[in-house]
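Residue numbers (numbering that gives the first Met the number 0), protein chains in the order written: chain V, 0 to 149; chain H, 0 to 149.
By construction, these hints were calculated from the structure, which means they are not laboratory data.
Among the clues, some could well be false.
The list treats identical chains as interchangeable, and a pair is accepted whether it falls inside one copy or across any two copies.
Unchecked claim - Under the rule of at most 30 Å between Cα atoms (straight-line distance), these lysine-lysine pairs were calculated in the DSS-like manner:
no.	residue 1	residue 2
1	Lys123	Lys72
2	Lys148	Lys67
3	Lys72	Lys50
4	Lys133	Lys148
5	Lys135	Lys148
6	Lys50	Lys148
There are 2 protein chains.
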Amino acid sequence: MESRLSLSSRSSISNYSQHSKRNGSLSQNGDSDPGSLGRHLIIELYECDPKAVGDVQRVENTMTHAAKAIHAKIVDVVFHSFNPQGISGVVVIAESHLAIHTWPEYHYAAVDIFTCGRSIDPWKAYPVLKREFKAKRMKAMELKRGVLKA
Amino acid sequence: MESRLSLSSRSSISNYSQHSKRNGSLSQNGDSDPGSLGRHLIIELYECDPKAVGDVQRVENTMTHAAKAIHAKIVDVVFHSFNPQGISGVVVIAESHLAIHTWPEYHYAAVDIFTCGRSIDPWKAYPVLKREFKAKRMKAMELKRGVLKA
Chain V
0 MESRLSLSSR SSISNYSQHS KRNGSLSQNG DSDPGSLGRH LIIELYECDP KAVGDVQRVE
60 NTMTHAAKAI HAKIVDVVFH SFNPQGISGV VVIAESHLAI HTWPEYHYAA VDIFTCGRSI
120 DPWKAYPVLK REFKAKRMKA MELKRGVLKA
Chain H
0 MESRLSLSSR SSISNYSQHS KRNGSLSQNG DSDPGSLGRH LIIELYECDP KAVGDVQRVE
60 NTMTHAAKAI HAKIVDVVFH SFNPQGISGV VVIAESHLAI HTWPEYHYAA VDIFTCGRSI
120 DPWKAYPVLK REFKAKRMKA MELKRGVLKA
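When you get a sec, could you build the whole thing from the sequences and use the hints?
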């Protein structure tokens, strides 16, 4: 967690940048606010290919690809599939984590990408998720985590 | 993930309830919106006991206690400590996950509690976190995840 020494007090948990594209195209966020310990992307993927979000190996592969796309160091990978369907998985990275929960029956996946460190841009995972899950509609927002007082 | 069949279209990702108590007392959320697949609590714990958020076994114990407090079924537990300090951990539950990242040097911990299923109230984990980490200041908000169209 390399950004731990670069701090100042700026925004609060309720200040976020929201990105929404009905066609699912990438909405790149250039805001790398140095005032928080972590950056947390909340990503909603709708109208996905149910096979892509319903196969545990495909989901795990996509999430590890996403971790590599942001140049994160993978520490641990945990994925589970549920009955009758649905997958939960977490990629623990040295810079925090990526998590996913899928509802193939609704063609939906919820993804979180939590990173620390100035060198990492979590938004670089966004096109990987769109492409691999074939999401036709995506929403995402970024939360600042760990906003310390000045 | 037992709530997968109870859906309607209501709020969006940007609609959330925010709870903030400078003294860290519990702000209970009675909103169990049936219009979303998941509930996601974003919790910021400031002014924690650095020993409580710096010891990997204590952090793991607290997070598993939090999972039990919301009556979740624990599927997997993954915790790592980093050099020189800091802990990352995830408790995968049948109803989604709990995650934590701590910065003991700043007496800070970031916690996420993502649940699905109407029978689970994720806010019941809140007092466990406050008590075990001895947080003097906490902020939390709830996001609705997976808001499907009508």
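Alpha-carbon proximity context of Lys133 and Lys148, limit 30 Å: between (41 Å within a copy, 18 Å between copies)
Homomeric proximity label, Lys135 with Lys148: Cα distance no greater than 30 Å: between (40 Å within a copy, 14 Å between copies)
Within, between, both or neither: Lys148, Lys67 at alpha-carbon 30 Å: Cα proximity of Lys148 and Lys67: none, with 33 Å in one copy and 33 Å across.
30 Å Cα threshold - placement of Lys148 relative to Lys50: between (46 Å within a copy, 21 Å between copies)
Status of Lys50 relative to Lys72 across identical chains (alpha carbons, at most 30 Å): both (28 Å within a copy, 26 Å between copies)
30 Å Cα threshold - placement of Lys72 relative to Lys123: within (15 Å within a copy, 33 Å between copies)
Comparing the model with each numbered hint stated earlier shows that hint 2 is the single one that does not hold.
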